[in-house]
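Visitor: Each chain, written out:
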Amino acid sequence: GQQVMQIPQYQHVQEGEDFTTYCNSSTTLSNIQWYKQRPGGHPVFLIQLVKSGEVKKQKRLTFQFGEAKKNSSLHITATQTTDVGTYFCAGPGNYGQNFVFGPGTRLSVLP
Amino acid sequence: NAGVTQTPKFQVLKTGQSMTLQCAQDMNHNSMYWYRQDPGMGLRLIYYSASEGTTDKGEVPNGYNVSRLNKREFSLRLESAAPSQTSVYFCASSVDRGNTEAFFGQGTRLTVV
Chain R
281 GQQVMQIPQY QHVQEGEDFT TYCNSSTTLS NIQWYKQRPG GHPVFLIQLV KSGEVKKQKR
341 LTFQFGEAKK NSSLHITATQ TTDVGTYFCA GPGNYGQNFV FGPGTRLSVL P
Chain Y
5 NAGVTQTPKF QVLKTGQSMT LQCAQDMNHN SMYWYRQDPG MGLRLIYYSA SEGTTDKGEV
65 PNGYNVSRLN KREFSLRLES AAPSQTSVYF CASSVDRGNT EAFFGQGTRL TVV
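Just so you know, the protein sequences line up as chains R and Y, in that order.
If you want the numbering used here, it's the 1-based position in the first sequence plus 280.
If you want the numbering used here, it's the 1-based position in the second sequence plus 4.
If you are wondering where the hints come from, they were derived from the structure by calculation, not from laboratory data.
Take the hints with a grain of salt, since some may be wrong.
[Unchecked claim] Reference excerpt, derived from the structure (chain R facing chain Y, CB under 7 Å, subset only):
(1) P323
(2) F325
(3) N378
(4) F379
All of these numbers come straight from a predicted model, not from anything done at the bench.
From the three backbone atoms N, C-alpha and C, an ideal C-beta is built for every residue, glycine too.
My request is simple: use the sequences and hints to build the entire structure.
Guide: Right under this line is the structure:
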């Protein structure tokens with residue numbers, strides 16, 4: 281079945297440093313989504329990418345969808361303590377009926 | 005706007021006990037999902053319901069049953085709880101299929117002793 285992998289599993293950064301997490305799928309994706317989960321919270325949708333090579337920005341967050349639509353990245357510029365949490369990528373599962381989530385990257389930001 | 009509501013928020017069960025986790029959404033979404041989240045494992049799909057009246061197994065369905073009671077409600081039942089089912093359970097919904105934004109409930113923290 282489809283697998284979605286993410287690296288790194290953990291990332292500790294000093295406040296103000298940049299952060300990047302990478303997502304790779306074993307199959308081509310029709311779209312990819314990114315979610316953020318704060319400690320003790322639930323996943324919250326950030327963005328969806330659909331087009332090959334698409335790049336979208338949300339303030340300090342930059343999302344990219346690979347040309348082959350099998351990988352994606354999330355880059356945070358100048359991290360803040362409010363960025364702490366786990367970032368998940370997700371793609372459509374088999375038959376597009378569900379979501380397959382990557383294992384997530386847990387980001388810690390030291391003040 | 006309630007969104008996706010899960011009950012209970014916390015539960016402790018003894019091995020062998022049964023319980024039902026309730027989930028309701030008020031966004032008129034067609035698709036609903038149950039995930040479990042374990043440390044380092046991300047979110048794993050237990051069951052999903054693409055639309056009212058249909059349910060399908062996900063990645064880890066063993067030990068669980070579901071009911072899509074109506075368009076709003078999707079329940080998850082543990083018939084005979086086992087310690088391996090200790091986890092955080094999330095219900096989610098989306099407008100349709102797996103290519104639209106998923107909205108998650110607050111989660112149920114279940115401990116089986």
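Visitor: It remains to establish, for every hint, whether it holds in the given structure.
Guide: Okay, the hints, checked on the actual structure:
Look at R:P323: its Cβ gets to within about 5 Å of chain Y, closer than 7 Å, so that hint holds up. Interface hint at R:F325: satisfied, since its Cβ lies 5 Å from the closest Cβ of chain Y, which is below the 7 Å cut-off. A hinted interface residue such as R:N378 counts as satisfied when its beta carbon comes closer than 7 Å to some beta carbon of chain Y; here the least separation is about 5 Å, so the hint holds. For R:F379, the suggested interface contact is upheld, since its CB lies about 5 Å from the closest CB of chain Y, less than 7 Å.
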